[in-house]
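Visitor: Listed here are the chains, written in short residue letters.
4 protein chains.
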Amino acid sequence: MKKLRFLTAGESHGKALVGIIEGVPSGLALTVEELHAELRRRKLGFGRGARQKMEDDRCEILSGVRHGRTLGSPIALMIANQDWKNWSDVMQAESYSGEVRRKLEVPRPGHADYVGGRKYRHEDMRNVLERASARETTIRVALGAVARKLLAELGVGIGSRVTRIGSGEDTAPVTTAVEAINAIADASPVRCLGEDAGAAMVREIEAAKKAGDTLGGVFELLVSGLPLGLGSYVHWDRRLEGEIARALMSLNAIKGVEVGLGFHAAATPGSLSHDEFLVSEDRNGLSSPTNRSGGIDGGMTTGQLLVVRAAMKPLATLMSPLRSVKLATGEAAEAHVERSDVCAVPAAAVIGESLLALVLAEAVLEKFGGDSLEELCARWEDWNRAVPPIRKSPLP
Amino acid sequence: MKKLRFLTAGESHGKALVGIIEGVPSGLALTVEELHAELRRRKLGFGRGARQKMEDDRCEILSGVRHGRTLGSPIALMIANQDWKNWSDVMQAESYSGEVRRKLEVPRPGHADYVGGRKYRHEDMRNVLERASARETTIRVALGAVARKLLAELGVGIGSRVTRIGSGEDTAPVTTAVEAINAIADASPVRCLGEDAGAAMVREIEAAKKAGDTLGGVFELLVSGLPLGLGSYVHWDRRLEGEIARALMSLNAIKGVEVGLGFHAAATPGSLSHDEFLVSEDRNGLSSPTNRSGGIDGGMTTGQLLVVRAAMKPLATLMSPLRSVKLATGEAAEAHVERSDVCAVPAAAVIGESLLALVLAEAVLEKFGGDSLEELCARWEDWNRAVPPIRKSPLP
Amino acid sequence: MKKLRFLTAGESHGKALVGIIEGVPSGLALTVEELHAELRRRKLGFGRGARQKMEDDRCEILSGVRHGRTLGSPIALMIANQDWKNWSDVMQAESYSGEVRRKLEVPRPGHADYVGGRKYRHEDMRNVLERASARETTIRVALGAVARKLLAELGVGIGSRVTRIGSGEDTAPVTTAVEAINAIADASPVRCLGEDAGAAMVREIEAAKKAGDTLGGVFELLVSGLPLGLGSYVHWDRRLEGEIARALMSLNAIKGVEVGLGFHAAATPGSLSHDEFLVSEDRNGLSSPTNRSGGIDGGMTTGQLLVVRAAMKPLATLMSPLRSVKLATGEAAEAHVERSDVCAVPAAAVIGESLLALVLAEAVLEKFGGDSLEELCARWEDWNRAVPPIRKSPLP
Amino acid sequence: MKKLRFLTAGESHGKALVGIIEGVPSGLALTVEELHAELRRRKLGFGRGARQKMEDDRCEILSGVRHGRTLGSPIALMIANQDWKNWSDVMQAESYSGEVRRKLEVPRPGHADYVGGRKYRHEDMRNVLERASARETTIRVALGAVARKLLAELGVGIGSRVTRIGSGEDTAPVTTAVEAINAIADASPVRCLGEDAGAAMVREIEAAKKAGDTLGGVFELLVSGLPLGLGSYVHWDRRLEGEIARALMSLNAIKGVEVGLGFHAAATPGSLSHDEFLVSEDRNGLSSPTNRSGGIDGGMTTGQLLVVRAAMKPLATLMSPLRSVKLATGEAAEAHVERSDVCAVPAAAVIGESLLALVLAEAVLEKFGGDSLEELCARWEDWNRAVPPIRKSPLP
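For the protein sequence lines, the chains are A, B, C and D, in the order given. First residue of the first sequence? That's 1050 in this note's numbering, and the numbers climb one at a time after it. First residue of the second sequence? That's 1050 in this note's numbering, and the numbers climb one at a time after it. First residue of the third sequence? That's 1050 in this note's numbering, and the numbers climb one at a time after it. First residue of the fourth sequence? That's 1050 in this note's numbering, and the numbers climb one at a time after it.
Check before you lean on any hint, since a few could be wrong.
The list cannot tell twin chains apart, which means a pair is met if one copy fits it or any two copies do.
What the hints assert, rightly or not - Straight-line distance between alpha carbons at most 25 Å, and here's what the computed DMTMM-like set of lysine to aspartate or glutamate pairs gives:
{"#": "1", "residue 1": "LYS1152", "residue 2": "ASP1173"}
{"#": "2", "residue 1": "LYS1051", "residue 2": "GLU1143"}
{"#": "3", "residue 1": "LYS1375", "residue 2": "GLU1148"}
{"#": "4", "residue 1": "LYS1198", "residue 2": "ASP1173"}
{"#": "5", "residue 1": "LYS1152", "residue 2": "GLU1430"}
{"#": "6", "residue 1": "LYS1051", "residue 2": "ASP1431"}
{"#": "7", "residue 1": "LYS1375", "residue 2": "ASP1105"}
{"#": "8", "residue 1": "LYS1051", "residue 2": "ASP1286"}
{"#": "9", "residue 1": "LYS1152", "residue 2": "ASP1132"}
{"#": "10", "residue 1": "LYS1441", "residue 2": "GLU1383"}
Derived from the structure by calculation, the hints contain no laboratory data.
Work out the full structure: start from the sequences and follow the hints.
Guide: Right under this line is the structure:
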């Protein structure tokens, strides 16, 4: 069985979002404020619509934490729907005899509505949208905050930045320490590191908004402090990049994932695609002048900076509606239009951090085992002392 | 438990590669020739080195098939190493008292050697390379051929083509039926559909070879005949694109995966990124003028053509050797050079087909259940009759 | 991935018990009253202490059900601790600066206290007992009620009875239809079918109570309406009795599990241990004069009555306290004594029904697949028409 | 993902049995002789038929071991069918145009034949029996020998004895060290410790043989050297006894499993069912005068002797044939009779040891993680120094 497992539940306008994470070691200091901090970051970004402006999400720890420390038992988190009173008739678990409000009868292109409705035999496709909505990622961010805290105790830092929105790009290499990246990115309206690039992205969003259109983009995740040797080459499904790709592809609207050079490696000669090894000052390990691999070779972390990117398609709800069909009658119809976000890439980057934290925490627990944080930390230190990560070194 | 599971074993120069696949329904006609056909396709491509020219791999069915039909019990496949007599002293399971030949003491950049050696405490990094080698994919192709046969019985066809090698590109949209793609691609020296593009790619490979360099590229996988509704949005790890990304990222040297518009979606406005719905002639379903989603929306197949691409980094063994370190002494050294392939993208595409077949067969069995092919086929037909796939339609 | 998964969370005196079950088909009618009915049955039985007399548990459906029908999305259930105000300082997630009440410093023999405390490095073993407590089964019963409802729609009925408490036995074979068993058993103070046996068991409990002692026993689970062919022989971990044994052994205090003749088969000759096959009137299937197998042969359901028994050890908290050690000082001490149950076998039987329902629902979904109840039912009927279960027939 | 996984394949009279075990740490010394030793033990026992007398099984290590040490990569084992030339036409994977020999058309009561044949739509039920046969356990014993070797390196010893055959019983408590048990038991014709009891069991077998009948029995597994804290109470499916019960119940013909007092606990008062804690001389831990728990409390190993028993039903192939039906015609018929074993309990005990080794090795790797034996051993020693197992102590 996996060392770290989690399930999420909850509809977008349902009573609550709920998550259970099982396998977190005991003794980890954890506060609800730490969860809230990540939930607030999930709302960042220029170009978000009304819903993100609403009152902050409040997360409740229902189990697994006592007097500020994890118990080793499953941690249940709940985020109540603060607008439940306005939705209870629409979404209640109990039978409802009145006329149902807010039915979704015209499937929205680019969403799960139509396929989901046929698969699960729902006439009212609200039954689909409520679960397929990116609202679900709220609870995954809360669960990811637990994983992130565990990693932080081990010295692992996770940051992200947006590198593209529409045609606005910021692909300058990151020179900042990972710890500082989020401070800079979170202060940018588009979670971008370069100011000019950020301004260009904002202009893109404004133009798209004016056109009734939406925009996607690319974000980059960066992780420092990883040890050498998470994941493995011995069996295909132990390769860490596979788990990472799966987790990120599972995020709504993500259509591509890459590690290190990624798709650029396809157009780069071999002589410029790999990381040469140099003698390190510390005779115990090696260093390298480059990190083209993005911190993963042969399915394993090298201990260099982990670099992953994901491509997000534009939001599917447009102010200039797309064509669809009213299923009950078979007539052409326009997809439902509502005030919505123009671009959600900055938030997706934050969510991506959370998903990556969950994958990495599981990989750490698989390699190191351990039931308590104390036990885990001792093994972590032993390992890093015996086997140092590959360091990036200046060219000699 | 998964409906379809498999494990592979075997070192590159070991006695044999072995695979077991468990969960294949009974009653599927299967011959060793069908496995051999895929194994031969795995050797395709201009720019392959000596090893691929060797005698064809011979696969043996050790269990799970009787008198030409699967039994429902696990299928074990074995591909013996035809050159074992020259390797037995190097690789034998038994203790060996002589001096060990062919030790790997200088880790090769871009390979699993160094990290794997530290992780598993191997001084002789041959212990790593033998398993981390892409040779392992041979048995995955054989297992994938079983999955492919199951899908073929249901009318699902899988093809692939190379769209880029180095700077040579062939991104013309596919207009051929999937069934015909492989016939064209397999006849091309680089498994490319366009003749001019193919010639350009060959020139790239020749130039790289002259320069002692290597090349990566991009391949595209195409699947027709899928039903609407494989995978699901209800929980993140049921999303089909996640499983696909994981399987492809697990292939040696793959650094990026994308579905449908993929990374291009990041630079495309929302109005051109989604698939509008049209009234279909068949009033039971819908059609769409486009397939920008690549056949997956909300984690589920739409029934349109499935389109997935993967980016492969250049091979890491170069004739102009990369810098490395002799670990025992800590001195700078050159990575081992041997006659090797210049480019393996055409073969990777074939392997990608196999990995995709395994993922799709599992998704089919999860949705349809069933123990025998007969039972599976009956359910498949019922479903497709009740819920037709989304069809691509000409713009009205 | 499993078709049906669930996680539970929650401490015995924590804020709430929480469960998420994922994989339940859409379209299943489900009310909170159906969950409450099973939660009430969990409190049955003569010899229960104060806590069971408390106000009934109230379960809340937080997601996955809308207007009385399951959505196909994960179902989250929550049972709030109605006595939370008296426990919040002891169990709160937030840091607590006062002196902690109700520490457990002397481990109780027969409980998880000591081993759990060492494993997770808890000085206050309340951190263990709160999760190791059988209180957790409350939420498993609620989750099991969902599985039970699904099975009921397919015509599968689950019942149970107590066959032994201490030296009081009721091993008369069941002649009642499964549907009627629970009506009789639930009306008995010890959930026993025979009146005399029930009276004997009550006397046992009264005597044990007087002696400050506790009692275990054996319960039997019975399931009717199963199809032929759940589970499989093709791989060891697909055998249904394995999954059943695992689920029941996971219940607190269970020390043994058996199917059909069980341990009696060890002392019975082969000629009296198996079920002969007879020609059935329905030429499509077979019948048998006996059901010694307990409804499972070769890892698969035969379609006859499923019969499983489990042995429960006596409760470990005795009024005449057992010897233990105060860990902080290393001095001998008596285990904590509190008013507690004398015997919980009747309740364990009800919990056992729930655990079995979860296993069987998963086995059904694995064989039949399907996303909606409608789809599942159609396949179920097709199967039972084509392949009838083995029926018990009168000896000719 | 599980730290240790395995799959088996192969039909009873097929070309070969094959197994792959994935997750074994690197650096473990392993020879084929160690596997053969366990395979020979699997043939032990008075009352075995002709097949067990045949030439010894020869196991081949196809991968994962090099020069006498495990590589950390998957280990593939193969046991070729030495009688294949006599079975190839019956069992070959290739199509067969002649008349098929040795069809099974009358299902044998007590076997998987009938149910399996219906489930997988096999007319010739040989397709079932070949996989459902206990012959499959041969490869599980070989895989288990790998796990056993890993445990042995950590100081964990596994033994077994038969405690009942028919009405012959040997329930005298074990006073021998586990290391010595198998030496005594393997020398007994029925793998029993007491000489008189052994003689009684032999007489039972002789009588059954004369009567054309068969016998089942009970065996006991004993494990020493386990640490405190394998398994967990935090989630039901992490309880070690659940995994153990599942593994043993998956063994052909096993109908019951119990731990420690087992079913006897149901008739024992609480005051005599639990293990009191005493001050140990080593102030770091505790001791106990008893081991009624069988070495597991709250789902976790206590570090005391692990004691598990399983009940086996009599073999289903009797010389006095049971009644059955010829399926093709629907006429009554006698089940096929062939020279067969009268009793296989001694062998089942050896197989049980192997299955338990696999479960325990997985539990060890889950708690301790680690990729190499060296890493695992260091953590194991750290743990046992910090947290000693509960020791059995003389009553004060």
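Visitor: Have a look at LYS1051 and GLU1143 and pick one of within, between, both or neither, based on CA distance no larger than 25 Å.
Guide: Classified as neither; 35 Å inside a copy, 28 Å across copies.
Visitor: Within, between, both or neither: how does the pair LYS1152, ASP1132 come out at a Cα-Cα threshold of 25 Å?
Guide: Classified as within; 18 Å inside a copy, 40 Å across copies.
Visitor: Classify it for me, LYS1375 with GLU1148: is the Cα-Cα distance of at most 25 Å met within a copy, between copies, both or neither?
Guide: Within. Shortest intra-copy distance 19 Å satisfies the 25 Å Cα cut-off; inter-copy 60 Å does not.
Visitor: Have a look at LYS1152 and ASP1173 and pick one of within, between, both or neither, based on CA distance no larger than 25 Å.
Guide: within (6 Å within a copy, 52 Å between copies)
Visitor: Indicate which option fits the pair LYS1152, GLU1430 if close means a Cα-Cα distance not exceeding 25 Å: within, between, both or neither.
Guide: neither (56 Å within a copy, 31 Å between copies)
Visitor: Indicate which option fits the pair LYS1375, ASP1105 if close means a Cα-Cα distance not exceeding 25 Å: within, between, both or neither.
Guide: Answer is neither: 35 Å inside a copy and 47 Å across each miss the 25 Å cutoff.
Visitor: How would you classify LYS1441 and GLU1383 at a CA-CA limit of 25 Å: within, between, both, or neither?
Guide: Between copies only: 19 Å across chains, 54 Å inside a chain, cut-off 25 Å.
Visitor: Taking 25 Å as the upper bound on the Cα-Cα distance, should LYS1051 and ASP1431 be classified as within, between, both, or neither?
Guide: Classified as both; 23 Å inside a copy, 24 Å across copies.
Visitor: With identical chains, the pair LYS1198 and ASP1173 could be close in the same copy or across copies; at 25 Å between alpha carbons, which is it: within, between, both, or neither?
Guide: So LYS1198 and ASP1173 pass the 25 Å test across copies only (23 Å; inside, 40 Å).
Visitor: With identical chains, the pair LYS1051 and ASP1286 could be close in the same copy or across copies; at 25 Å between alpha carbons, which is it: within, between, both, or neither?
Guide: both (13 Å within a copy, 11 Å between copies)
Checked against the numbered hints above, the structure violates hints 2, 5 and 7; every other hint is satisfied.
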